[in-house]
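Participant: So the chains spell out like this:
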Amino acid sequence: MALDTQTLKGTENVKEGVDQETVDAVREVGGKYKYGWSTDIEMEYAPKGLTPDIVRLISEKNEEPQWMTDWRLEAYERWLTKEEPKWAMVNYPEIDFQNQYYYARPKSMAQKPKSLDEVDPKLLATYEKLGIPLKEQLILAGVEGAEEVPAEGRKVAVDAVFDSVSVGTTFQEELKKAGVIFCSISEAIKEHPELVKKYLGSVVPVSDNFYATLNSAVFSDGSFVYVPPGVRCPMELSTYFRINAENTGQFERTLIIADKGSYVSYLEGCTAPQRDESQLHAAVVEIIVEEDAEVKYSTVQNWYPGDEEGKGGIYNFVTKRADCRGDRAKVMWTQVETGSAVTWKYPSCILRGDDSQGEFYSIAIANNMQQADTGTKMIHLGKRTKSRIVSKGISAGKAQNTYRGLVSMHPKAKESRNYTQCDSLLIGDKCGAHTVPYIEVKNNSSRVEHEATTSKVDDDQMFYCRSRGMDEEEAVALVVNGFCKDVLQALPMEFAMEAQALVAISLEGSVG
Amino acid sequence: MAAPALQENPTEARIASHAMPAKGWSLNAREGALARLRAMGLPQRRDEYWKFTRPDTLTQVVAPTAAVFHNDEAPLFDGIERLKVVFVDGVFDAEASDDLTLEGISIERLATAESDLHWARDLYGTLEARGQHPVERPLAALNTAFATDGVLINVTDKPSKPISLIYRHESETSDAILHHCIKLEAGAELTLLENGPAAARFNKSMEVEVADGATFHHVRAQGRDHERRAATHIFARLGKGSQFKSFTLTVNGQLTRNECVIELTGDDASAHVAGACVGDGAFHHDDTVFVTHDAVNCESRQVFKKVLRNGATGVFQGKILVKEGAQKTDGYQISQSLLLDGDSQFLAKPELEIYADDVACSHGSTSGAIDEDALFYLRARGVPKGDATDMLTLSFLAEAVEEIDSEELRDEVNGRMSSWLKRRRD
Numbered sequence: 033m034a035l036d037t038q039t040l041k042g043t044e045n046v047k048e049g050v051d052q053e054t055v056d057a058v059r060e061v062g063g064k065y066k067y068g069w070s071t072d073i074e075m076e077y078a079p080k081g082l083t084p085d086i087v088r089l090i091s092e093k094n095e096e097p098q099w100m101t102d103w104r105l106e107a108y109e110r111w112l113t114k115e116e117p118k119w120a121m122v123n124y125p126e127i128d129f130q131n132q133y134y135y136a137r138p139k140s141m142a143q144k145p146k147s148l149d150e151v152d153p154k155l156l157a158t159y160e161k162l163g164i165p166l167k168e169q170l171i172l173a174g175v176e177g178a179e180e181v182p183a184e185g186r187k188v189a190v191d192a193v194f195d196s197v198s199v200g201t202t203f204q205e206e207l208k209k210a211g212v213i214f215c216s217i218s219e220a221i222k223e224h225p226e227l228v229k230k231y232l233g234s235v236v237p238v239s240d241n242f243y244a245t246l247n248s249a250v251f252s253d254g255s256f257v258y259v260p261p262g263v264r265c266p267m268e269l270s271t272y273f274r275i276n277a278e279n280t281g282q283f284e285r286t287l288i289i290a291d292k293g294s295y296v297s298y299l300e301g302c303t304a305p306q307r308d309e310s311q312l313h314a315a316v317v318e319i320i321v322e323e324d325a326e327v328k329y330s331t332v333q334n335w336y337p338g339d340e341e342g343k344g345g346i347y348n349f350v351t352k353r354a355d356c357r358g359d360r361a362k363v364m365w366t367q368v369e370t371g372s373a374v375t376w377k378y379p380s381c382i383l384r385g386d387d388s389q390g391e392f393y394s395i396a397i398a399n400n401m402q403q404a405d406t407g408t409k410m411i412h413l414g415k416r417t418k419s420r421i422v423s424k425g426i427s428a429g430k431a432q433n434t435y436r437g438l439v440s441m442h443p444k445a446k447e448s449r450n451y452t453q454c455d456s457l458l459i460g461d462k463c464g465a466h467t468v469p470y471i472e473v474k475n476n477s478s479r480v481e482h483e484a485t486t487s488k489v490d491d492d493q494m495f496y497c498r499s500r501g502m503d504e505e506e507a508v509a510l511v512v513n514g515f516c517k518d519v520l521q522a523l524p525m526e527f528a529m530e531a532q533a534l535v536a537i538s539l540e541g542s543v544g
Numbered sequence: 017m018a019a020p021a022l023q024e025n026p027t028e029a030r031i032a033s034h035a036m037p038a039k040g041w042s043l044n045a046r047e048g049a050l051a052r053l054r055a056m057g058l059p060q061r062r063d064e065y066w067k068f069t070r071p072d073t074l075t076q077v078v079a080p081t082a083a084v085f086h087n088d089e090a091p092l093f094d095g096i097e098r099l100k101v102v103f104v105d106g107v108f109d110a111e112a113s114d115d116l117t118l119e120g121i122s123i124e125r126l127a128t129a130e131s132d133l134h135w136a137r138d139l140y141g142t143l144e145a146r147g148q149h150p151v152e153r154p155l156a157a158l159n160t161a162f163a164t165d166g167v168l169i170n171v172t173d174k175p176s177k178p179i180s181l182i183y184r185h186e187s188e189t190s191d192a193i194l195h196h197c198i199k200l201e202a203g204a205e206l207t208l209l210e211n212g213p214a215a216a217r218f219n220k221s222m223e224v225e226v227a228d229g230a231t232f233h234h235v236r237a238q239g240r241d242h243e244r245r246a247a248t249h250i251f252a253r254l255g256k257g258s259q260f261k262s263f264t265l266t267v268n269g270q271l272t273r274n275e276c277v278i279e280l281t282g283d284d285a286s287a288h289v290a291g292a293c294v295g296d297g298a299f300h301h302d303d304t305v306f307v308t309h310d311a312v313n314c315e316s317r318q319v320f321k322k323v324l325r326n327g328a329t330g331v332f333q334g335k336i337l338v339k340e341g342a343q344k345t346d347g348y349q350i351s352q353s354l355l356l357d358g359d360s361q362f363l364a365k366p367e368l369e370i371y372a373d374d375v376a377c378s379h380g381s382t383s384g385a386i387d388e389d390a391l392f393y394l395r396a397r398g399v400p401k402g403d404a405t406d407m408l409t410l411s412f413l414a415e416a417v418e419e420i421d422s423e424e425l426r427d428e429v430n431g432r433m434s435s436w437l438k439r440r441r442d
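Sequence order for the protein chains is A and B.
Under our numbering, the letters of the first sequence match residues 33 to 544, in that order.
Under our numbering, the letters of the second sequence match residues 17 to 442, in that order.
Honestly, the hints are just simulated from the structure, not real lab data.
None of these values were measured; they are calculated from a predicted model.
Warning: the hint list may mix true and false statements.
[As the list claims (entries may be wrong)] Derived CB-CB ranges, DEER-like:
1. ASP374(B) - LYS343(A): 52 to 62 Å
2. GLU109(A) - ALA390(B): 29 to 39 Å
3. LYS343(A) - ASP357(B): 55 to 65 Å
4. PRO225(A) - GLY297(B): 53 to 63 Å
5. SER234(A) - GLN76(B): 36 to 46 Å
6. ASP374(B) - THR101(A): 53 to 63 Å
7. ALA35(B) - SER234(A): 50 to 60 Å
We put the CB at the ideal spot given by N, CA and C, even for glycine.
Isolated chain A, as found in the complex (with noise of 0.2 Å):
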């Protein structure tokens, strides 16, 4: 499909005549940051500033029932009670709550399309740029061979979700003969407010945290899934977020739902235009994982990073929490954390069920300025609960890599086990990698193993590459990859690859 030059233009002035597709070209080969572009689309704002009349509003663009007002109008109470954490090794200034817009979403989207079909084409031609095609097609873009791959494999249900708004969610009709529900959280509330009442605000409640609160109270698009007991969901399932407008924080709030036995996985990603300004991404993710079901989360996080000096960039405030109720219930957090100008993210297992298993795989990338403090908790709180955790960081230049983390054996969680291993690797002197780990264990017959290790590119390796031909900047690459080997065999499969070319790219200039 052509692109429509005239309404993807890029952040800086193009020379007339020269073609936007070749300014892309140009930039994507510099290795700068991929998705800086923005969409040129008609808006609507609510009013700057967070009071509850905001908030009333954002219901009401929802069309949410009463009770779903109300909810939120007391996370905002609560809100205005509480702290903006301080504890992260993450500096930025002070973020001014009432000079952001809380909601936008493309005028078009005033009147929900009912199908892909209506779906205003600038916004179908944006996401077909990001390589996330909204048509009912095989695959995500970029995995080579996915063609002669048949129909019934590699299925990707995708849900859209632009600015504040949910822009539309395909294969739904396929997942709904298999009973599996997957749409926006708006229409959730709508159509299943028995399953939403139930689940949301369960797992992260309400007042959790500064930024969980606030989403509570203006959270406007997110996905929601529930597969029901038993059911092996027949595709993967994928939310794809793209913060376009300028000044606007992104709220989103997904749930997800594993009924007894069911396996579902899920797939999430994030761009955002490159700007001079910051912008605010504060996430909510709940999962329940009820007895034998498993979800697999995954995320290729790739926020605009910011510039070189640091300007610009997304804060990325997110909390994200899995609750194993049931027994033998499994989850598995995946993430590639590439992008962002800080990152403040504990993706969480609470293993409430016996025998429940928790495992978190992390690859955080900070270049340039770029500050991340991402780990994971695992509350073992069941018997012979288990839970693994790998985490691969990653500085160069004078970015700031923290990894924070927390296990916790109860008393009650007997002959519960944990592996914990953080590695950091260091590439330049300016850059700093630190780790975090809390380990409290209330038990004996419990077992908790802590490695943690800090080094550089070993330089036998890089003379080995060296040696053969690569240049310092692929070595580099590869070496990386390597060091990430562990986690990016966790991926799933189309994932993977973006995540081992993002690896590389993060880097880029990073040597020398």
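Once you have looked at the hints, place chain B on chain A.
Facilitator: Frame of chain A; chain B shown alone:
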């Protein structure tokens, strides 16, 4: 941040309960420390570095009483040739102490060293003040401000025997504050021994300046009194090519908080801090270690092992901070606990903070029960269960004890641990 001196302000109440000497060379440093203390306030449960340990009994105005523990065992280090300096409930005991003169070293008491040109003036409170960043240590500031006595040791050469500080506990209500300054001149060497329960509540601070090429060995055992409480600090600064080695054995005691703050400021220096603790029942032991690498090619090791039973709690908070430019750093940290029953707990926060790229730093932390396979192996070969458990426990502690260089001292410590274990057989 200084709060008005109201009765309900715990920091001011505590300050009011102490007296500062009216004059003397340390007065400036004491006043500085008092200002720091006022600005920080005494530690509270919500402070990040007091997350795992309740500070209230260490900070309250009146020390909780602690019964004196009588036992027939000969005190540790008794068989070792050494120069003894004895404090009873924090008060110097001249009768029990040896003559304080020894070649290559000068020993004075803080309470009586009056000369206004005293060498310790540059050290007293200096390393403590440096050690207040980035983590506050209000109990150390309290110590600098109000210490009643201590030793000032200046080592110019290699004295023929270790200096041994002996702390006896005789009063159930004693509340002692001692502050030691130890300065090792270039190339000097000292072995310092410390042992004994000291007091019902003991606040001790030790500042150690290790000049270029000097070597400091420190072995201490914190006495066996069950109810004693202690908060101790070691502040050390290491010069080029110097060596610092400290080992602490803790058995019993209701509450022990040992902080160790080490700064490697000269290239090629080496610092090892180790601790072994065995606790039973109402026992809370906290090791808080902060090692800062601020020079090239330095090495540091932290080795902490804890054996816990009957509801005992072990805490480890350790940090390796590698500053920008501190290249070729080799940093190692291990904290392990052996939980002998289901009621005991281990809480740890092993941290790395690294701003230099050409470094090799690692840390490990584990917690678990005794290895059933190893136990089975020993029992299958006819070793009774009690002996087998002790054997495995001692081998678990061995990595920490091996940080003691002297074989004689190592044997003393090992003997002490095995007799403790034997007494506590089920």
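Participant: Confirm or reject each hint.
Facilitator: Structure-based check of all given hints:
Distance hint for ASP374(B) and LYS343(A): a CB-CB separation of about 30 Å, inconsistent with the stated range 52 to 62 Å. A beta carbon spacing of about 58 Å between GLU109(A) and ALA390(B) contradicts the range 29 to 39 Å that was offered as a hint. For LYS343(A) paired with ASP357(B), a C-beta distance near 57 Å keeps the hint of 55 to 65 Å intact. Checked against the given bound of 53 to 63 Å, the beta carbons of PRO225(A) and GLY297(B), roughly 54 Å apart, stay inside it.
With their beta carbons about 42 Å apart, SER234(A) and GLN76(B) fall inside the hinted range of 36 to 46 Å. Remark: the range hint 53 to 63 Å for ASP374(B) to THR101(A) is upheld by a beta-carbon distance near 57 Å. Range check, ALA35(B) to SER234(A): about 57 Å between beta-carbon atoms, so the 50 to 60 Å window is met.
Checked against the numbered hints given earlier, the structure breaks hints 1, 2 and satisfies all the rest.
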